[in-house]
Structures are given as C-alpha cells and as structure tokens.
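Protein sequences, first through last, are from chains S and G.
For the first sequence, the numbering used here begins at 1 and goes up steadily by one.
For the second sequence, the numbering used here begins at 1 and goes up steadily by one.
If you're looking for bench data, these hints aren't it; they were derived computationally from the structure.
Take these hints with a grain of salt, some might be off.
[What the hints assert, rightly or not] Short derived list, chain S residues pointing at chain G, Cβ under 7 Å:
hint, residue
1, Ser51
2, Ile91
3, Thr94
4, Tyr108
5, Asp193
6, Lys197
7, Ile247
8, Leu312
9, Ser314
[What the hints assert, rightly or not] Beta-carbon label-pair distances, calculated as ranges:
hint, chain 1, residue 1, chain 2, residue 2, range
10, G, Gly179, S, Lys298, 51 to 59 Å
11, G, Ser318, S, Asp44, 33 to 41 Å
12, G, Gly6, S, Lys3, 40 to 48 Å
[What the hints assert, rightly or not] The calculated lysine-lysine pairs, modelled on DSBU-like cross-linking and capped at a C-alpha distance of 30 Å, are:
hint, chain 1, residue 1, chain 2, residue 2
13, G, Lys27, S, Lys176
14, G, Lys70, G, Lys176
15, S, Lys242, S, Lys69
16, S, Lys3, G, Lys176
17, S, Lys176, G, Lys176
18, S, Lys176, G, Lys15
19, S, Lys15, S, Lys3
20, G, Lys294, G, Lys70
21, S, Lys3, G, Lys15
22, G, Lys70, S, Lys3
23, G, Lys50, S, Lys15
24, S, Lys3, G, Lys3
25, S, Lys242, S, Lys295
26, S, Lys15, G, Lys176
27, S, Lys70, G, Lys3
28, G, Lys176, G, Lys69
29, S, Lys69, S, Lys298
30, S, Lys294, S, Lys50
31, S, Lys15, G, Lys15
32, S, Lys197, G, Lys50
33, G, Lys176, G, Lys3
34, G, Lys197, S, Lys50
35, G, Lys3, G, Lys197
36, S, Lys3, S, Lys298
37, S, Lys298, S, Lys15
38, G, Lys295, G, Lys70
39, S, Lys294, S, Lys70
40, G, Lys69, S, Lys3
For every residue, glycine included, the Cβ atom is placed at its ideal position computed from N, Cα and C.
Number of protein chains: 2
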Amino acid sequence: MGKRMGRYTVVMERKPAILGYAAICGKKESEGPLGAAFDLTYEDTTLGEKSWEKAESRLQKEAVNCAMKKAGVTAGAVDYIFAGDLLNQCISSTFGLRSLGIPFLGQYGACSTMAQTLAMSSFLVDGGMANLCVAVTSSHFCSAERQFRFPLEYGGQRTPTAQWTVTGSGAAVVGKGEGVPYVSAVTVGRIADLGIKDAANMGAAMAPAAAQTLRDFLSDTGTNPQDYDLILTGDLGEVGSKLLYEILSRENVSIQENHQDCGLLIYDRQAQDVHAGGSGCGCSASVLCSVILKKMQKGQLRNILFMATGALMSPTSSQQGESIPGVAHLINIRI
Amino acid sequence: MGKRMGRYTVVMERKPAILGYAAICGKKESEGPLGAAFDLTYEDTTLGEKSWEKAESRLQKEAVNCAMKKAGVTAGAVDYIFAGDLLNQCISSTFGLRSLGIPFLGQYGACSTMAQTLAMSSFLVDGGMANLCVAVTSSHFCSAERQFRFPLEYGGQRTPTAQWTVTGSGAAVVGKGEGVPYVSAVTVGRIADLGIKDAANMGAAMAPAAAQTLRDFLSDTGTNPQDYDLILTGDLGEVGSKLLYEILSRENVSIQENHQDCGLLIYDRQAQDVHAGGSGCGCSASVLCSVILKKMQKGQLRNILFMATGALMSPTSSQQGESIPGVAHLINIRI
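Turn these sequences into a full structure, and let the hints guide you.
As structure tokens, then:
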C-alpha cells in the first residue's frame, strides 16, 4: 500500500507495473515525428464513423483493446477502468467503453487526465483493491474545435499562442509485474489560477500548476530535476514551456536540460502549422503510451517524471468572464 | 487496505469513517419534507452570485467548508478532494473548490457522483494513501435545465417521466475515526445500456445499472436485501424505482420493503409539482449527507446500501441518436 512522503506525494510500495500500453492516432499525428511509434493511425479522421464524437469513442476503445492485448489480459480480468476526455459529460469515454463490461470510473482532469487515470490505477493496485486497472484518455481535433471554439466550417484564424488538439488516444494496463516500467510515486496537484483569461493560450494558464506540482514533488522527495532522465510535461506547448522555465528560474530551479513537452514532440512545428504545439488529453496520452514507454522498456530512459497539465475551464466559464484554473498531476515512472 | 470479495466488491479493512458531512440546498428543497435536515438553505437560487453556474460552485464550496468544520478539520489537513458535477467540464467543482488548495481529482459519474467520490475517498483512506479525503458533488436546477434541456425562459412543458434537478450540494469528510458511520464495502458499477433514448426519462435509463450493481454486490457478499436496514438509490424517481423492482423480481429478488429513493424523499410530489421525483448529483448527495447519515449516527439505521445511479449521456450524444448508458456505484455504510 502507498506511503505518504511529505505533504503531497505518495510513494508506491508494490511497484504497480505498466503491463501493456497503446496509442492510436489520426492522420496529422501519423505525419509527425512520432508517426511510426503509434500502434495504429487512421487516414480518415472519422474512422468510418458517422460523427467526430463517435470517432473519438472508437479511438479510445481501440487503444484499450490494443493495450490489453499487448498486456495479455482480457476485459473480464480488469477490475477498474479509469477514463476521461474533454467532451461534455465525457462521452468519448462512456460511449467508447460501454461494451467492455469493466467497472467504470469516469475521471475529469482536462488535459491532465492521462496522469490522473494512471495515478488512480496505481493507487488501487498498490492498495490491493485491484489486480488490474486500465487508464485511458483521448481527444479529437474536430470534436474539440466545435465544442470549445468554432465550427470547423467557419474557418476561424488561429492565434500564435493557440495549440492544435491531438486526434489520438493512449491507454495503459496497470497491474503487478516485473521487468516493465512501474509507477514509483504520485503527486496529485492542487488547482492554480493566476488569472489568465485567454482561452487561446492554455499553455500560460497551465504553467503555474505545472511549476507548483513539480516543486511539491521535488520538495517532498528531496530530489533535484537532474536526478531524472526526463521531465515530460503534457501539453504546455511553446508558450507554456517557456513560462514554466521562467517561474522555476525565480526559485533557482532549472529543468531546461532534461525537459520535454509532449505538445512539442508530437508535431513538426515547422512543417505542420500547429502554432504553439499539440494539446488535448490525447496528446500526452499518445506520446507517453508510444515512444516514451518504449524507450523505458529498452532502458534508454530509466527514471522519468510524467506531468500532465489540465485547464479546468469550459466555454461557459470563459463567457462569464472567469479566468482559467489549471492543475497538474505528476507520475514518477521507473524501470 | 481493501480486500476483494467476489468479482466486483471491495471490503474495507480499516473502516474509513465519515467524520463530518453537510448538505446545502435551495428554496424548493427547503420547502420539501427534508427541509429542516439541511445545514443551510437559500431563498434565492442565485445565492447572490451573478450566474447559476457560480451559484452552484458556491453551494459546493459551502458544503465542503461546513462538512470540514463539523469534522473539525481544516483544508490544509485534507489530502485529496474528489469532486464532480453535471456541468460541462465539471466547472461547479473546479471553480467552487479552486481556492481551497486541496489536491484535486475531478470525477465524472453523472448522478452517481456522490457514490463515486465516496468510493474513491474510502479506497485511498483504506489503502493508506490518504489520511483525510473529501467527497463532494452538486447540481442546480437552473444550470442543469439550460445546459441539458431548454432555456428556462422558454417555459417548456415537462413530461410525466421527467424529474426535477435538485439545487443542492452534499459533502462528506472521510478519514480514520471511531463511533461514526463508516464505509464497509464498495461495488463499482459497469456501464449498462438497454437502449433507452428518451432524455426525459432518466429513471428508465438508469434502472438496469442499479439492478446490475445490486445483484453484483449481493452475489459477491452472499447477502440478501433483507440483511440491510435500507437500500437507498440515488435518483431513480417513480419510474426508475418501479422498473428496478420489475427487473429484480424476474430474478426473485424483492427490495420493496426496505428500498427508498432519494429522488422520492426530497420533495412532496403531491404539493411540489416535480413529476417523477428529484434528480441530479445534488439529490442523492444532499439526502445522504443530511437525514440519512443523521439517522445512522443516532443508531436508527445501522447498515445501509447507498447506491447512486448516473446517466452517462450528453445533449450531443442524444442529438446524434445514441441511447443512454447508465452506471451505478454501491457503498455499504455501517455504524
């Protein structure tokens, strides 16, 4: 069972292992630098479904099925599935996963959802409440644009700080195992809100939360950024990453040397016109559940911090003049 | 730490206790049969805020503060807050709770959220990852109507199967303690979808999930409905409750004698024009966190099953012709 370390961190005692993982993405992602690392990509963003929402549901279902297959487990053996997404009432998850018959616990952490679902899965395996859990999330450029911004047909101009929502899903099977990456510690974040109101600048809204959670973890564990092979943020993008460096530099913490951001890894920003980078729950999920975990399995990365950030707003809250609260959850993964 | 019993149930080993609880409601709820049991009620459904969404956020914040006060704990001592609501991107929770500085884990279970947040809180206390957790949820008639149905100004006619969304919030503080109600076991539900498509008949959509989870729990624990003082469903209302009896009667399971539904308890259906009963996350939350837990503390109820049900749909999924998946989570609470 987990052991609390410091104020905000839980260190796992049973080493919940990532037994299988998968990432399923869309066309633009297949054309980016990580295209070859995904388990499956679709040329058609509808995946042959009648709506983008149904397409997103299918991404999630396929990612879960693929991850379970790679882990060598069936849905009937999974105790809990933790799933969430950006759509109103998390319908990508509920409709995508309803046929699996796995006890379902919907999570809402906006783009921090992959870290949150991994945290919950690790907690329950470590606590003995579960033998096997699945963590999954997704996003889809077209379903997100029409829900959060403008109808695609409108052809709105995007600002330079805007990010491109990843069409993709990542899933991980967590259980007991040896010789595979495992979750070593978890720091759940507090909501941070410095008053950013620009819904086209999520990186700026989320950076303070990332700084806060990283600070909490380092302080709780008495470690330094240099102790980790990689500090991987979710989707701060170009703007948010720079702000994170700036906030941390005021406290003499430097992470530039071993920091990467999933939103900057997934696309070629010179060639793919994504402005400040990729975003969406599916961004960090598909990057973690492909190239990163593969590198860990090969021993090329041995001790990483995966920290996904979320902007906890809605179009309604923005229309009512509210600022954008952010949250970041951190998962220390080791091999 | 939790111990699995049967396929779907976890029995707690450390007896996570409900150290404090509170319910804050609106005017219509104050005029119902449980009006005197709530900690605070508001005559004005805006609570003096500028929008209904902000009013709902405030309900949640006040419920949490009141529950913490009654438990004798401060926000700084709480390890995790599990919160969710019906609004898009769960903004009642994120905006209501952002100032508390408690590590935040957003949950989405629609109207099953009170059971889900209690389950997660109990798991983490039982597993040793947390000493103190808060479980909270809310709903608001006006914010729900305009988001899920019609603008209030439209004055749409309600169908006989429709339910009335409760304006209210319930919160519970879960930790280690003696002499107070504690969570004895948890059964997390699987998604059930029998093809109901009528968004004005949530009771029918949720009843199959309730039957399934209750069956799972009884089978896992080898107990009968008659072993419990009360089987309390969340908000099946008149229609859903009858359907639940019907489904269970086919399997020779009878719960009528000790079943109650929060949606039928909170309003006087003769006098208050709520059609099939109350609904919304705040319905089961405010009923549990007032009259029910008070009766348990007095020893008038000693062993109950609290089973909140959720309809995992959105207006978008309904507009796209989808049916309504349901889920139900069960919490066995004892004294």
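Hints violated by the structure (numbers, ascending): 6, 7, 11, 12, 13, 15, 23, 30 and 35
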